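Same order as they appear, the protein sequences are chains E and P.
Residue numbers for the first sequence follow this note's numbering, so the first one is 410 and each next one is one higher.
Residue numbers for the second sequence follow this note's numbering, so the first one is 15 and each next one is one higher.
To be clear, the hints were calculated from the coordinates, so they are not data collected in a lab.
Here are the computed lysine to aspartate or glutamate pairs in the EDC-like style, where the Cα-Cα straight-line distance is at most 20 Å:
no.	chain 1	residue 1	chain 2	residue 2
1	P	Lys264	E	Glu532
2	P	Lys318	E	Asp527
3	P	Lys100	E	Asp527
4	P	Lys81	P	Glu91
5	P	Lys323	E	Asp527
6	P	Lys116	P	Asp356
7	P	Lys290	E	Glu532
8	P	Lys318	P	Glu73
Note that the structure is predicted; figures quoted are calculated from it, not measured.
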Amino acid sequence: MPSLTLLGQAVVSGLLAGGIYGLLALGLSLSWGLLRLVNLAHFALALLGAYLTYQLGTAHQLPPWLAAAVIVPLFFLLGLGLHAVFTYFRVTEFTSLLVTFGLAVILESLIQWFWTADYRRYETPYATASARVGPLFIPVLELLAGLTAALLALATWAWLRFTYVGKALRASAEDPAIAAAFGVNHRGQGFLLSGLSAAYAGIAGAFIALISTLAPTQIWAWVGVVFAVVIIGGLANPVGALLAGLLIGVSESVTMAVVTPAWAPLVAFSVLILILIARPGRV
Amino acid sequence: MTTRRRRFGCRLILTALVLLPFAASAAAAPSGPPVRIGGTLALTGPLAPTALLHKLAGEIYVEELNKANGLLGRPVEWILLDDQSKPDVARSLYEKLVTVDKVDLLMGPYATSGILAAMGVAQRYQKMLPHHTFGMPHLAKYEMHFPTAAFGPEPQRTLPTTVFDALAATSKPPKSVAIVTSKFPSAQHQSSGAKEVAEKRGLKVPLYLEYEFGTRDFGAIAARIKDVNADLLWIGALGLDGNQLLEALKKLDYSPPRHFHLFPAPGPLAVAPDGKLALSSTVFEEHPPFLGNAGAARLVPLFKERAAKANVPYPHVDTQAAGSFAAWQLIEAAVTATKSLDDKVLGAWLRKNRVPTLIGTLRFDGPNNYGDDLFKVKQVQDGKWVVVWPKEFAAPGARLLPP
Chain E
410 MPSLTLLGQA VVSGLLAGGI YGLLALGLSL SWGLLRLVNL AHFALALLGA
460 YLTYQLGTAH QLPPWLAAAV IVPLFFLLGL GLHAVFTYFR VTEFTSLLVT
510 FGLAVILESL IQWFWTADYR RYETPYATAS ARVGPLFIPV LELLAGLTAA
560 LLALATWAWL RFTYVGKALR ASAEDPAIAA AFGVNHRGQG FLLSGLSAAY
610 AGIAGAFIAL ISTLAPTQIW AWVGVVFAVV IIGGLANPVG ALLAGLLIGV
660 SESVTMAVVT PAWAPLVAFS VLILILIARP GRV
Chain P
15 MTTRRRRFGC RLILTALVLL PFAASAAAAP SGPPVRIGGT LALTGPLAPT
65 ALLHKLAGEI YVEELNKANG LLGRPVEWIL LDDQSKPDVA RSLYEKLVTV
115 DKVDLLMGPY ATSGILAAMG VAQRYQKMLP HHTFGMPHLA KYEMHFPTAA
165 FGPEPQRTLP TTVFDALAAT SKPPKSVAIV TSKFPSAQHQ SSGAKEVAEK
215 RGLKVPLYLE YEFGTRDFGA IAARIKDVNA DLLWIGALGL DGNQLLEALK
265 KLDYSPPRHF HLFPAPGPLA VAPDGKLALS STVFEEHPPF LGNAGAARLV
315 PLFKERAAKA NVPYPHVDTQ AAGSFAAWQL IEAAVTATKS LDDKVLGAWL
365 RKNRVPTLIG TLRFDGPNNY GDDLFKVKQV QDGKWVVVWP KEFAAPGARL
415 LPP
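Given these sequences and hints, build the entire structure.
So, in structure tokens, the structure goes:
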């Protein structure tokens, strides 16, 4: 029987891992839900952001927050560019899977070409810093990533819920023709949203650089679980994505602590299947 | 004979002596169609960082061969393909090497899964397969495979025994061991053996965990390790898993008293602050008595130079590069002795003869072509790996340091 401390620590670890899942799921959920683009390249962009943070930090001694300040606007522009390509080629929801998969493979190859397949580790003095709460330890960087994910999820939710642009985006996703008849510029807003999603990937990348060991193939490590998070959380639902991330993170972590780590990968998909059985109209 | 004539004679002999090496090297320069040796390595994918060491070792060995007399007086060409760390790709590429490229000889890929895939192809076409990193001897049934990962036929028993013997000889032997292992086949195989060996020796095993190869989040696993607080942590990990696990433990303000790493990326662990006094196993390190092994004096400096140029974080010959050199030494020894490129002739010779290599003398007359277990225990001391057990192989002045 696991001790309460072990269970508590597993829940803390799961919540923090869930924060990263939520952060990664945010951009994907928005582009899938509101633009009808299943953007697999989102994971590659996040890893590219991580490598750029690493590069700026190690080769140019730029602190991570300053690196993020450079990378995030850059990624916003990259998102605009990508959307221009998608629009030009009239990429649909289904074909976006293929196109963005290709993009992800290209980005993986470029990352490998530039940084090689060797593992990269961004060593910082605070990499292993933890705060202690009673018997539990809370890693500072993971906590910061979780808080950032929460902040972004809430801000995005408020933006979609209360602003004209947000309402227009939701209207366009619901019925583009009717929204256009009411003067909604879906094309322009699509660019904005695409830029925003890419910028979120940049933010996730900065945290990934600080928390993880980097390897080009890492792109694919997240795909399954983050997809599950997006679907469980509901498309275009930023708060849902965050909560689903936390749910999956905690479920995986508690499984590792109570049963065995080998079962953890089954958790995300088991939860997904259960939710789809309970609510078949989720996607 | 006059003095002048004698002087002339002496000069003639001296001139001949000076010119002799040039003449010999000119005569020894390989010529004719190349001997083509085909193989794959994980040039990309998760195994790529370690496979890079095998690539460097192979390149150096082929260059050195060609600087000398090649094989049978012919230059050697190494046809190296990228298996992307995937056994299915390795299998297809070995098929291509045999049927399309029609290579003369094969060299094995890196790591157990890839080697097992290549072995199937080699067996189908009756090609000899020397290889350097196979960790599950009981699965290698093909009579013409020749391993230089000198685990012996039962590494799941012999390797943990060596490790526990080393620790038992210290002033504070461990009484409990927590075992955490990747599900990568060889790591899982040897770690499950470690559990059995530990229990037979009366050690408590309060924790035995398996995790998926490629796991990134070690938080919950670290919490379980901390919870049991065993005297020894056995990490059946590949690559950087061990580093990541130690980091996750540090975040919980916990350092295992002792930690053994099965297949670590040697450089990152040696230089990491958490890697201090880490234990692992090896067949070669850059210190006596290993430097007296066949080819060490020539190959070690070359590897160090080449690895430094390739920005390898730990530019030293250890188990990985040494195993690779040894595999090439097998080919050279067999071809030179038999003057043949016929796989069956070479295979028969290797099964009958002992071959001195960089990692020691290898034999292939045991079960599944495995000979002696040559593995020793090494420890990170002052940022470098040194052998600490058995004592006769320990680096000069080194001993297994307590936590």
